[in-house]
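Line by line, the protein sequences are chains A and B. Just so we're aligned, residue 2 is where the first sequence starts under the numbering used here, counting upward by one. Just so we're aligned, residue 110 is where the second sequence starts under the numbering used here, counting upward by one.
You can trust all of the hints, since none of them are fake.
List time: in silico DMTMM-like cross-link candidates among lysine to aspartate or glutamate, alpha-carbon distance up to 25 Å:
#, chain 1, residue 1, chain 2, residue 2
1, A, K276, A, D255
2, B, K111, B, D293
3, B, K131, A, E328
4, A, K169, B, E130
5, A, K169, B, D203
6, A, K264, A, E29
7, A, K169, B, D143
8, A, K169, B, D132
9, A, K234, B, D166
10, A, K169, B, D166
11, B, K390, A, E319
12, B, K336, B, E311
13, B, K111, B, D132
14, A, K169, B, E157
15, A, K169, B, D144
These are computed hints drawn from the structure, not numbers from a lab.
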Amino acid sequence: MSPRTARKLADVDLTLYRLMLRIRRAEERIVALYPSDKIQSPVHLSVGQEAVAAGVSLALADGDRVHGTYRGHGVYIAKGGDLGRLFAELYGKDTGCARGRGGSMHLTAPEVGLVGCSAIVASLIPVATGDALAEKMRGGGRVVCSLFGDGAIDEGVFYESVNFAVLKSLPIVYVLENNGYAIHSRVPDRHKQTELFRLTEGLGLRGRRYDGNDARVVYKTMSAAVAAARRGKGPVLLEYMTNRWHEHVGPGTDFQEAYRYPKDRERALRSDPLKILAAALARRGESRARLDAVAAEIAGEVDAAVAFAESSPFPRAESLREGLYVESG
Amino acid sequence: MKTKRLNYGQAIHAALTHAMEKDPTVFVMGIGVDDHKAVFGTTRGFVERFGRARVFDTPISEGAMTGIAVGAALGGMRPVHVHIRADFLYLAMDQLLNIAAKWSSMSGGRASVPLVIRAVIGRSWGQGAQHSQSPQSMFMHVPGIKVAMPTTPADAQGLLLAAIEDPNPVVLLEHRLLYNLVGDVPATPVAVPFGRAVVRREGADLTIVAGSHMAVESLKAAEFLAKHGVSAEVVDPVTLVPLDRDAILRSLAKTGRLLVVDSSWTTCGASAEIAALAAEKGFDSLAAPVRRLGMQPVVCPVSKPLEKAFYPNAETIAAEAFSMLGRPFPDAPAPELVDDFKGPF
Chain A
2 MSPRTARKLA
12 DVDLTLYRLM
22 LRIRRAEERI
32 VALYPSDKIQ
42 SPVHLSVGQE
52 AVAAGVSLAL
62 ADGDRVHGTY
72 RGHGVYIAKG
82 GDLGRLFAEL
92 YGKDTGCARG
102 RGGSMHLTAP
112 EVGLVGCSAI
122 VASLIPVATG
132 DALAEKMRGG
142 GRVVCSLFGD
152 GAIDEGVFYE
162 SVNFAVLKSL
172 PIVYVLENNG
182 YAIHSRVPDR
192 HKQTELFRLT
202 EGLGLRGRRY
212 DGNDARVVYK
222 TMSAAVAAAR
232 RGKGPVLLEY
242 MTNRWHEHVG
252 PGTDFQEAYR
262 YPKDRERALR
272 SDPLKILAAA
282 LARRGESRAR
292 LDAVAAEIAG
302 EVDAAVAFAE
312 SSPFPRAESL
322 REGLYVESG
Chain B
110 MKTKRLNYGQ
120 AIHAALTHAM
130 EKDPTVFVMG
140 IGVDDHKAVF
150 GTTRGFVERF
160 GRARVFDTPI
170 SEGAMTGIAV
180 GAALGGMRPV
190 HVHIRADFLY
200 LAMDQLLNIA
210 AKWSSMSGGR
220 ASVPLVIRAV
230 IGRSWGQGAQ
240 HSQSPQSMFM
250 HVPGIKVAMP
260 TTPADAQGLL
270 LAAIEDPNPV
280 VLLEHRLLYN
290 LVGDVPATPV
300 AVPFGRAVVR
310 REGADLTIVA
320 GSHMAVESLK
330 AAEFLAKHGV
340 SAEVVDPVTL
350 VPLDRDAILR
360 SLAKTGRLLV
370 VDSSWTTCGA
380 SAEIAALAAE
390 KGFDSLAAPV
400 RRLGMQPVVC
410 PVSKPLEKAF
420 YPNAETIAAE
430 AFSMLGRPFP
440 DAPAPELVDD
450 FKGPF
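Could you build all of it, start to finish, from the sequences and the hints given here?
In structure tokens:
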């Protein structure tokens, strides 16, 4: 490995660490704020799954686009969505990324390539596929990423979309974030074939499964998939195995509940994406002080974001009817 | 304005051709758009003219294909997604009502879905339970999606063009029984603004609000009514979202009587909405209770006598009008009221 490549990779690792820590700290703040009832909206937290959002987002180039889900804080932050507008959206403020119309489940940041998020499981898989169709029709050379959980592959539109993407060789990467549960249902209770990346083999979609808790692995495998899609090689499915630390919806944890595997908590803590990457950075000689400085910086960003949300105005009630349609012209 | 004579299907063909020539982002997708039947001829010759990238058949996956159209719209294209039967839209409701209708709002007005859905309502001649439905009220109920029901060739041409130019999602419901209707259309297609009802026939004794094929049947009824001394005004909403409420209330104020005829069921239907409008905003104009006609509240049958009893038609519309005015149905020949549609579809 050349020194230049090594330095570049170290920068990538540090960037991944920064993105993941930003997600972690932001969501920890959401948990802390939740009892205040200032966030009057359901939240689906992605603590424990930060490596997928960070690795996938960093592997995409400027102009590439992602379609996410209601568990969308991670990808919003990792794609570079404004933190202040995220908290403002959670607070239902007029300065939120969707002017208080979307909330936690419908984050959007088109300026950085997050097209949107939907609270209907799998519903943006076809939309992302159509976005890739538009890209191909216009010859824009961009890649689209469809991000979804393991619950989404229960839905018919997933297979229909994959069939079409393969048929038309669309520039799309399907990212299956497998945290083991669709709400409270385990994968083997919903599928005989539990190697989910194999489910679309018959449709002609190549799939691979990877460790989704190591951001370097996610970044590397996603980068290869994006590059292939950009070269016109067509779609691919990446399954990343990860852990959901929180309950399906809400700020608490529920490792003690019967639907969970007994060792979930242990496994989650052992495979904490932040610890994994911090250890790798330490092995490369990154100083503790450097990582602490990153943490201090992020703490400041989160403070500022919350302050922005607190001080922002609510939408005026008279604006209720705005935005239903976009005006012509 | 220079005009020419086209039938309904030819007018749709002309509008689509015009839009695709003018705007390279417009494309047409749907089951059968590229085959030899070309959706009643409305996309005939398009593959040769615009290429397979812009005119393509789809897998029979209405749910995903609608989402794909939504995504293409978000990605900067102007898709026209065609369904040869409106019944198939029920497979696409998640994408239409949860995504397309809500995208502008959910994104705080930062993005919209310029999508056009063309769907054909089937009726009679044995179309049966699942090839005959007329789902306009489903889309009226959910804010965020526009609904147009062209009656004449000029409507079809102008509304389709307006729908394609609209930055919001539009469901355009065509009617199979209107495809042979011939009329004058502008020689160069122009968009007809949404939200403008058309008074198809002026009258003084009662207002019949009816759109699409029901407007045609109502005009036949009005012809017969006129012969027997009843002057009926026929108001065609043309678009249901937005709905030209003022035009309906104006006509009601003039005649004092309102009969609403819809091509679908009455329960929670477009006719219920229009009747509610009269009750809320036009009560003082009403000289008699509002009446409604629509499909009978059962599943569409196939057998001819049952089918005849299922649908409203010129004869039942005329009968309802006479009844509203307290007059007997005339014992006289009624050639105007005959249904002249011949199969096959």
